[in-house]
Amino acid sequence: MSTILSAGTPAPDFSLHVTPDQKLSLKELRGRPVVLAFYPADWSPVCGDQMALYNEILSEFHKSGAELLGISVDGSWCHEAFAKDRRLHFPLLADFEPKGAVAKAYGAYRQEDGYCERALFVIDKNGVIAWSYISPVAVNPGADGILDALESLPK
Amino acid sequence: MSLRVPVTDQDHIQGNPNAKCTLVEYGDYECPHCGHAHPIVKRIQKHFGKKLRFVFRNFPLAQMHPHAESAAETAEFAGAHGKFWEMHDGLFENQQELGGSLYLKLAGQLKLSPEKWRTAMDSREFLPRVKDDFTGGVRSGVNGTPTFFINGKRHDASFEYEDLLAAIDSTIKS
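First to last, the sequence lines map onto chains A and B.
First residue of the first sequence: 1, per our numbering; consecutive thereafter.
First residue of the second sequence: 156, per our numbering; consecutive thereafter.
By construction, these hints were calculated from the structure, which means they are not laboratory data.
Check the hints yourself; a few may be wrong.
[Stated by the list, open to error] Cut-off 27 Å, straight-line C-alpha distance, at most; resulting in silico cross-link-like pairs (DSSO-like, lysine-lysine): (1) B:K175 - B:K308; (2) B:K286 - A:K155; (3) A:K63 - B:K286; (4) B:K286 - A:K84.
Put together the whole structure using the sequences plus the hints.
Take a look at the structure:
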């Protein structure tokens, strides 16, 4: 497994496509916590995959004022189709060109496979990583760690 | 990963209350994997008899499964009238037909009032209970459905009959 950025590290900024004609940068979200969830690919075949689970508990994230961002190397057209099919209510970022550059900056890229790790980052309102976690790629890390981390953020 | 919400008498519990082993399932009535697990759990219960108690909690993936929440509410409605497990079985055994007409048919077979069912559904009377189960599950590390806990510890391996049986067996013997 990769070595991901750890708590206390300033979160590397990025600007990525969130729709085919719109970009989102991390610094635009300064002032509130951000949950950044790297995942290998859209169209995972299982029920209750990671993104679907987060979609169900979005209101729990929002209670902490946090913004959830999914991120993978899939392109924005692919993300759009996936989000529509799964009725996802949060943005998916396309770490597509140069491929995996943001994942690499966070230490969450699997060079041998060409896709992201399952890696989670909770970034505080000042843009500093407050918590990070990497899960074996076949294991959905769930959301308990994220919720615990959000609750421990200073108010 | 362990169960953070302890089993209490507010839970739906089947089997010996003093059993040495407790199997908790977080499930979704519309999830095909849960449908697959349903008869496996029945066989497991039969195998272990008094050594096992079984608890079912709701984990409807409502964005993905449009009937999951209404099915869970219907099971809770039946539970409030002492017929939880009968409804639970009926829902899983007719998973392809989830929806109002199935709920009414099952309610009828269980001699539950269709008017009370409709009132409960319209007022979403049992939704808070379903949501509480869901949130508690998330906090315990439920990451999909079905998720099983054996004596409070998440069972990450397969839930095919032999695998679940072996895991419970080793818990009982330990």
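Exercise for the section: Against the structure, test the hints numbered earlier, and report the numbers of the ones violated in rising order. Expected result: No hint contradicted; all consistent.
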